[in-house]
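Trainee: If you're matching positions, the sequence shown starts at 1 in this note's numbering and goes up one per residue.
Bear in mind the hints are in silico, worked out from the structure with no lab data behind them.
Among these hints, one or two may not hold up.
Derived lysine-lysine pairs resembling PhoX-like cross-links, with alpha carbons at most 25 angstroms apart [claimed, not checked]:
{"hint": "1", "residue 1": "Lys164", "residue 2": "Lys151"}
{"hint": "2", "residue 1": "Lys175", "residue 2": "Lys29"}
{"hint": "3", "residue 1": "Lys137", "residue 2": "Lys40"}
{"hint": "4", "residue 1": "Lys22", "residue 2": "Lys40"}
{"hint": "5", "residue 1": "Lys137", "residue 2": "Lys151"}
{"hint": "6", "residue 1": "Lys29", "residue 2": "Lys14"}
{"hint": "7", "residue 1": "Lys175", "residue 2": "Lys164"}
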Amino acid sequence: METVQFRQMKDGTKEEYLFLTKHEDEYAKGLPDRILEALKNLENTLSGYQVSRLGHSLQSATRAEADGADEEMIVAALIHDLGDDLAPHNHSQYAASILRPYVRPEVTWIINQHGLFQNVYYAHFLGGDPNERDYLKDHPWYQACVDFCEKWDQSSFDPDYPTKPLSHFEPLVRKIFSRTAFDPQYVGEQTMGKSAVDIAMSGTSE
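The whole structure should be built from the sequences, with the hints applied where relevant.
Mentor: This is how it looks when you write it as structure tokens:
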């Protein structure tokens, strides 16, 4: 079989879906390469800062590593702005959705919320509420997100900071994104219904 025969999904057979699943699994193995390529493309996007978006991402990851962050958080710092090109108004959620199948829910939540938390530094200049994040103050990962933004995100626009190159982080990107998606040992127990990550992504705890 080279292609399926159906033209509507409802007409597909078990054999066809097994065939497609095999192709999708093979394609998924290339995710680390696609993420690395997407990071490289950040070199030529969103101008106006003293560093490129790639430089900012690398600097954030370098700072996280220097502070002793674990591997999942370092990778999260590296790709946290990966959605700037295709999701400029919800880039945080874009990056969080990439991470979600491969890291613990805390990391997903922090990246999902970091755009909101960053507002504290500038929203008042643009007529927004810099304290909008306060509604999440009782969330168990609130302070971790505050720290992510303060230590690694908002501080990483310094062209003089000794930033490590993408090649330094490549093995870690390949390690994290080569994991089996939604493996319980990394993301916890989940179901197709409401999971710990779904709760985490919602912005509130239960």
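Trainee: Look at each hint and say if it fits the structure.
Mentor: Going down the list of hints, with the structure as the test:
1. Lys164 / Lys151: holds (17 angstroms)
2. Lys175 / Lys29: holds (11 angstroms)
3. Lys137 / Lys40: violated (35 angstroms)
4. Lys22 / Lys40: violated (29 angstroms)
5. Lys137 / Lys151: holds (18 angstroms)
6. Lys29 / Lys14: Distance of about 23 angstroms is within 25 angstroms: holds.
7. Lys175 / Lys164: The hint holds at about 18 angstroms.
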